[in-house]
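Take the sequences, apply the hints, and build the full model.
There are 2 protein chains.
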Amino acid sequence: MAKVTPELIRKLRELSGAGMMDCKHALEEADGDVEKAFTVLREKGIAKAAKRAGRATGQGVVEAYLHKTSEDYPPQVGVLVEVNCETDFVAKGQDFRKLARELALQVAATGPRWVTRDDIPDEILVQERNLYERKAEQDGKPEQAIPKIVEGQVEKFIQEHVLMEQAYFREPKRVIKDLIAESISKLQENITVRRFARFNVREE
Amino acid sequence: MAKVTPELIRKLRELSGAGMMDCKHALEEADGDVEKAFTVLREKGIAKAAKRAGRATGQGVVEAYLHKTSEDYPPQVGVLVEVNCETDFVAKGQDFRKLARELALQVAATGPRWVTRDDIPDEILVQERNLYERKAEQDGKPEQAIPKIVEGQVEKFIQEHVLMEQAYFREPKRVIKDLIAESISKLQENITVRRFARFNVREE
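As you go down the protein sequences, you meet chains A and B in turn. Residue numbering for the first sequence follows our numbering, beginning at 137 and increasing consecutively. Residue numbering for the second sequence follows our numbering, beginning at 137 and increasing consecutively.
In short, the hints are calculated from the structure, not lab data. Any given hint might turn out to be false.
The list treats identical chains as interchangeable, and a pair is accepted whether it falls inside one copy or across any two copies.
Using 25 Å as the maximum straight-line C-alpha spacing, the simulated PhoX-like pairs for lysine-lysine come out as follows [to be verified]:
id : residue 1 : residue 2
1  : 234       : 322
2  : 204       : 234
3  : 284       : 271
4  : 180       : 292
5  : 160       : 147
6  : 180       : 284
7  : 180       : 271
8  : 160       : 172
9  : 172       : 277
10 : 160       : 271
11 : 228       : 204
12 : 172       : 271
13 : 313       : 228
14 : 180       : 277
15 : 234       : 309
16 : 139       : 172
17 : 292       : 277
18 : 228       : 322
Because the structure is a prediction, the values reported are computed rather than measured.
Listed below in structure tokens is the structure:
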């Protein structure tokens, strides 16, 4: 029989939210396989964690913004944004809420697709790069200049579609990540944008 | 050379939003391959449609709801919902807005995962079904009773996680799709929930 180590028990507890003894028994039954043990727990109706019901990932706030183009017409664009911080003290403060509000307005105004540049799927970057390359070739640009042209256009694509890299709509010379860096410095806590959603009735 | 039919041109126009002659030329260049022709259009900078910028898909409204558990604490749950209808006349009306509001509150209260039962990925249904089957076996249920038990539990899973099938939080005897059916009947227009998002700071 495989050895059920405290490390395995800890892993399964994090995964399942179940108690220590339940986890130990499930791991014994599953021969030390954490995935199998999780299934065992679920089947026994002990595992508390479904995919969505989850553990705390820190403090923060959810902010919403609905954009109306005229008084008698209902909002056609809506934004939801979640901003996280480290303590409820900061989460409850005016400055933090104000930042979340600005970020919601930013998303409404500019329609970014991702939070950070790391969130862009590789295949999209490859596709964009290929497109710019072929365009530069068709435009008859000198071969040695093409890599630089392409990188410039990829960077432009990122600045357009990634929230953190976008120009702040109120002051286009500032970038959103700098806006957040200022709040971090002021509030003395790490602040992250966890996710956003933007619905537009007019878009597919 | 492949024949460029009106059908192909129509398809490419829908895909790209480009003009008829541009589409015809692109299809000729791509030997009648719509995908290739779309790339040709994009490369030439003619295709107007990016993935997100899109054509109208009807009328509607975006509604938001932020849930506060206490006055001095910022919202920890936020919901965005898009509800569509056929005409702006209905979209502008009080009844339609009220329905969208109720749906946002419903999503906040119950946290559904999908809009309709058709939106549940097949692998999730298979996984749930297997789980219920094994559970019934372990519980020593008679073999011929198991299919019926399993189907009942799958139906319960759907009623819990699918917005349209959920019990309405204000009147648990009514189901959300009946609530919408009543609005359809009253407003004499088709009404659909296009999408929703629900963020909870406390959840993974």
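| field | Hints the structure fails to honour | value | none
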